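Model the placement of chains B and C on the given structure of chain A, informed by the hints.
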Amino acid sequence: MALPSPEDLKAQIEAGVPGASVTVIQNGSPSAQHSLLLDAEHARAVAELLRDHDGWRLDYCSLVTGVDWPDTETSEKVKVKKMVKAADGTESEEEVEEVRKTKVAGYLEAVYHLFSMEKKHGPVVLRLRTADRGASVHLPSLTPVWRGAEFQEREAFDLYGIIFDGHPDLRRILMWEGFKDYPMRKDYVPPADEIPVVEVHR
Amino acid sequence: MANDLKELKIELSKNGIFTTTLEELYNWGRKNSVWPLTFGLACCAIEMIATTMARYDLARFGAEVFRPSPRQADLIIVSGTVTKKMAPQVVRLYNQMPEPKYVIAMGACAISGGPFRDGYNVLKGIDRYIPVDVHIPGCPPRPEALIHAFMTLQKKIDEQALTGAARPRHLQADLPSEFPVPEFGEHGLEPPQNNAVFHEAEGNPLKVIQ
Amino acid sequence: MRDALLDRDVYEPEEGEIMEVSMGPHHPSTHGVFRMDVKLEGERVVKLKPVFGYLHRNHEKIAEHGAYLSAIPYTDRLDYLCSMTNNWGYVLAVEKLAGIAVPERAEYLRVIVAELTRFQNHAGLIGFLLQDMGASGTPLMYAFREREKILDLFESLSGARMMCNYMRFGGLRVDATKEWLDEVRALVGRLPQFVDEYEALLRANEILLARTQGTGVLPRELAINTGVTGPMLRASGVNYDIRKVDHYGIYDRFTFKVPLGEHGDVYDRYMMRLLEMRETLKLLEQALHDIPEGPVMDPKVRLRGLRPKAGEAYGRIESPKGELGFFLISDGSGNPYRYRVRPPSMINLTILEDMCVGENIADTVIILGSVDIVLGEVDR
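For the protein sequence lines, the chains are A, B and C, in the order given. Position in the first sequence (from 1) plus 350 gives the number in this note's numbering. Position in the second sequence (from 1) plus 5 gives the number in this note's numbering. Position in the third sequence (from 1) plus 509 gives the number in this note's numbering.
Please keep in mind that the hints were generated in silico from the structure rather than gathered at the bench. Since we're looking at a predicted model, the values are computed, not measured. Treat each hint with caution, since some may be false.
Label-pair restraints from in silico Cβ distances [what the hints assert, rightly or not]:
hint	chain 1	residue 1	chain 2	residue 2	range
1	B	104	A	530	32 to 42 Å
2	B	149	C	710	25 to 35 Å
3	A	421	B	77	48 to 58 Å
4	A	515	C	759	56 to 66 Å
Cβ atoms here follow ideal geometry from the backbone N, Cα and C, with glycine treated the same way.
With the rest of the complex left out, here is chain A (with noise of 0.2 Å):
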């Protein structure tokens, strides 16, 4: 049996793991590797039946990556009636074109590669989102079903700061004990004395 599509993997999945939420986020690029972005709390769950389950035997997980999405900024014109002042000191009520600024919270973002060793096919991608990117950085952590990904994600909490519950041993695996950021995300700036003074000469 082949590897099915990620809209039939979806289906399949919420039927067979109930009340887990399993949405399709499409790839742009021609490698068309889609990927499957799982809710937190069923995400174990997910794990454990696509690794068991006879015809897909996802028993290999290859690769888990943090990715860093920092807040953005949407902006948009809105017509609002506001009470402008005229230049004899009179008010009156008007529609004004404003242009008004939403915060997107960003989040943080662990990726899962999985392939089957036994039926030879894959990648089938999984995607967790914190919900933003200061205080609830917890994801499940998905070593107890692939032992695989044990280093990558204490990587993923040394350079992101994701915290994965339920892992044997997370701690720092490439700074060193003491070290208090997280340096891949976008927002590091290195220590003062590092950064080189850039003179233009022109």
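Just chains B and C, lined up with the frame of chain A:
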């Protein structure tokens, strides 16, 4: 006067009498038996290993054995990128080496951080913490470049005087031979460099002129 | 007994004390700046924690700040013994991301340089493994003798011995001349004799057999679950070679076998490398025989200003160490938004503790040697 002495030496040696100075003898012994420490950090280490193999053979220059223990080594060839996580270990190893000891900074990374200079974990040159005698540019430098650096070091040892103000460090009791080991801080190493050792060149190398 | 030892809680011995030894990061046989915190009961390992990061040069962040082209020289420095295969892994991922095709002759040349890389890597590994076992330098000298010949070929082709920076997305930087190909043919003609000589040196060596057979056994299911790849996986009996699974490049056109081990011990891992060296020579002969004329670079590819459409791709190859993969997320600009390397050496190290617990500390060194790690790849 020096020329007459030289002529005299040659005349004497033609008659089977060998003369030398204590300084020459001392330096000749030292320079022809420099034993490096087995210390490879990254890619340059592989070129260092290739230099000790049969094709390039560093052993014929006196580096017969690479000692695994710093207590028995004369030379540390810092080959490869020194990261901030590794820097305290490098300084500790250097401190454990007995005098006289020498440092070759092999490769662009050991000299200044090299291609990885932008790194948050990369130390921008090992000369921030320990004094370096010979720098070899290259990424990685060819084995011939390492041999040339070795010969440069031998020349440097040959020219070291036994007396006088220009004596090497191991003959001056008041100069330190151990350097402070940096600590792991929260955002980097503390201190970021040892200012007694690290001499910024004229014009502040941290400035990038566009 | 072994399961109790693997329990991650504190282990109290029946008599005596636990001794904690930190092996590394400066150690003659840790293959680089790698550290193992080992807890010993006498000579037997009770717990082992690998510590690395001593060569973490944040390759990923540097690549995210530069263009797609400027990451290629940095990939040379990942697994610094095998720069050609590192290049291939990365350009394969970019080609998947941007949908770029590669000319025929370039595909053949890629196979030729990749298999030469695999040969010198395996020869070197056997040399290093035997040095760890006590054969100070002699097998390594033999391996480096052949490696120097291969490096000479790389230097005349790409300009550098080790950091070749040779492949580009869409092909190769420069074509190979007929003289170069003849030189390779001559070398490949002489190499089977070298492999025979190399094998004969050690095949019946008592110390090798006694120390490596039955040491550091890695069971099949554990290997799969831990994501182990490469010769280490195949030594445990799992038939998974990405050249055969993914059919990348033109590997489909060649006949070669995938050797498999039975016991998953150090001896099997050592034999994997020997057998793969022979298969590599078969591949080289076929590729050198069939290579066509033609261009080696697609002229329409924008090397300097590549801006792939927003999307992502994961490209992987069978490097000499295992599955080397590159995961790229593009946001439409000239720099990758996310650039991730799947380091086979680091993931193969996950299982080091399980293999070493219960063994003597001296055997820890040869088990580590048989994993075949290169710290440039482990730490990036």
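These are the hints, each one checked on the structure:
| no. | hint | in the structure |
| --- | --- | --- |
| 1 | B:104 <-> A:530: 32 to 42 Å | holds (38 Å) |
| 2 | B:149 <-> C:710: 25 to 35 Å | holds (29 Å) |
| 3 | A:421 <-> B:77: 48 to 58 Å | holds (56 Å) |
| 4 | A:515 <-> C:759: 56 to 66 Å | violated (45 Å) |
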